[in-house]
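With the hints as extra help, turn the sequences into a complete structure.
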Amino acid sequence: MTPGLYVYGIVATGSVPGPLREHGVGDGPPVLFDVDGLSAIVSGIDVSEYEGAALERNAATPEWLELKVRGHEAVVEGVLAHATVVPMRFGSIFSSTESLQKMLTEHADALREALTRVEARTEWGVKVHCDRSRLVSALVGSSPEPDSGRGYLMQKKARLEADARAAEAAAEIAAEAHAALAAVASESVAAPPRGEEILNGAYLVDEAGRDEFMRKVEELQRRHEGAFAFEVTGPWPPYSFTSADVGGPRP
Amino acid sequence: MSADLQRQVTLLDLVDRIVDKGAVVRGQVVLAVADVELVKLDLSLLLASVETLEGR
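As you go down the protein sequences, you meet chains A and B in turn. Numbering-wise (numbering that gives the first Met the number 0), the first sequence opens with residue 0 and increments by one. Numbering-wise (numbering that gives the first Met the number 0), the second sequence opens with residue 0 and increments by one.
Incorrect hints may have been included.
Cβ-Cβ distance ranges computed for the label pairs, FRET-style [unchecked claim]:
| # | chain 1 | residue 1 | chain 2 | residue 2 | range |
| --- | --- | --- | --- | --- | --- |
| 1 | A | 170 | B | 50 | 20 to 28 Å |
| 2 | A | 191 | B | 9 | 12 to 20 Å |
| 3 | A | 28 | B | 9 | 23 to 31 Å |
| 4 | B | 50 | A | 47 | 25 to 33 Å |
| 5 | B | 11 | A | 53 | 17 to 25 Å |
| 6 | A | 104 | B | 9 | 32 to 40 Å |
The following residues of chain A were derived to be distant from chain B, with all beta-carbon distances above 12 Å [claimed, not checked]:
| # | residue |
| --- | --- |
| 7 | 13 |
| 8 | 15 |
| 9 | 20 |
| 10 | 27 |
| 11 | 31 |
| 12 | 80 |
| 13 | 81 |
| 14 | 132 |
| 15 | 136 |
| 16 | 151 |
| 17 | 157 |
| 18 | 159 |
| 19 | 183 |
What the hints contain is simulated information worked out from the structure, not anything from laboratory work. Using N, Cα and C, we set each Cβ at its ideal position, and we do this for glycine too.
The structure is reproduced here in structure tokens:
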């Protein structure tokens, strides 16, 4: 067993009321490690679980992954309910209190700046899924049943043309939706969409602006009913808006 | 959050957020400071693992 310190996130010292209750990835609830006005939310762990071959084995075990990932998230969300938090990426581990202390001291300015940026704001995820065959049908429009060979060919041609236009039409709607949501958010970022997604956006939204943001999502959904499905998740800790600031270039 | 939008967060949503995003205190520096290699998980490997879990 190699002891290590798993860090979930950073808060301003004194901003979290009372002891932490969620268990996280360790055996007991995490504790706060204070350095000059910043506190790291920390659990003691066995590092060997997160290294090399053991990690590969664990990560390929869905139960292990789910337990740890949900543990990480439960702690951060428990804190988020009361305080502003800069969430760390899953698996941020330090070998000793000295190394953690050194990190907090060296990055104090960046961490404080990140805390200020995300204060009273939460992250919302919006994914837009596209049902391509419904989109193509909508682009073709309502055409009469083909009653002849020629009618059939014309309909087939129209469908091929619509199919070619579909990707462009979907991209336009994704761009429009992202711009509309970004306009009611303080910051926004679009990650590469996967599968049938055409938008995988993250939005940092003022607490005071949450209703406006939700109304905008609902309005977009109504306008694009049919081929497009809007999926909202949140409120999230500001994972998507703290990597650049504190992290600098990604490793 | 309006009721019709609220739902259980899936493991996929979570993995997507916390494995690939969140603060990284300059990877190299942390390595030097912490002497412990940060978890470097391959997102595609994890997604396969998530699919196994959700598909059963």
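Against the structure, test the hints numbered earlier, and report the numbers of the ones violated in rising order. Violated: none.
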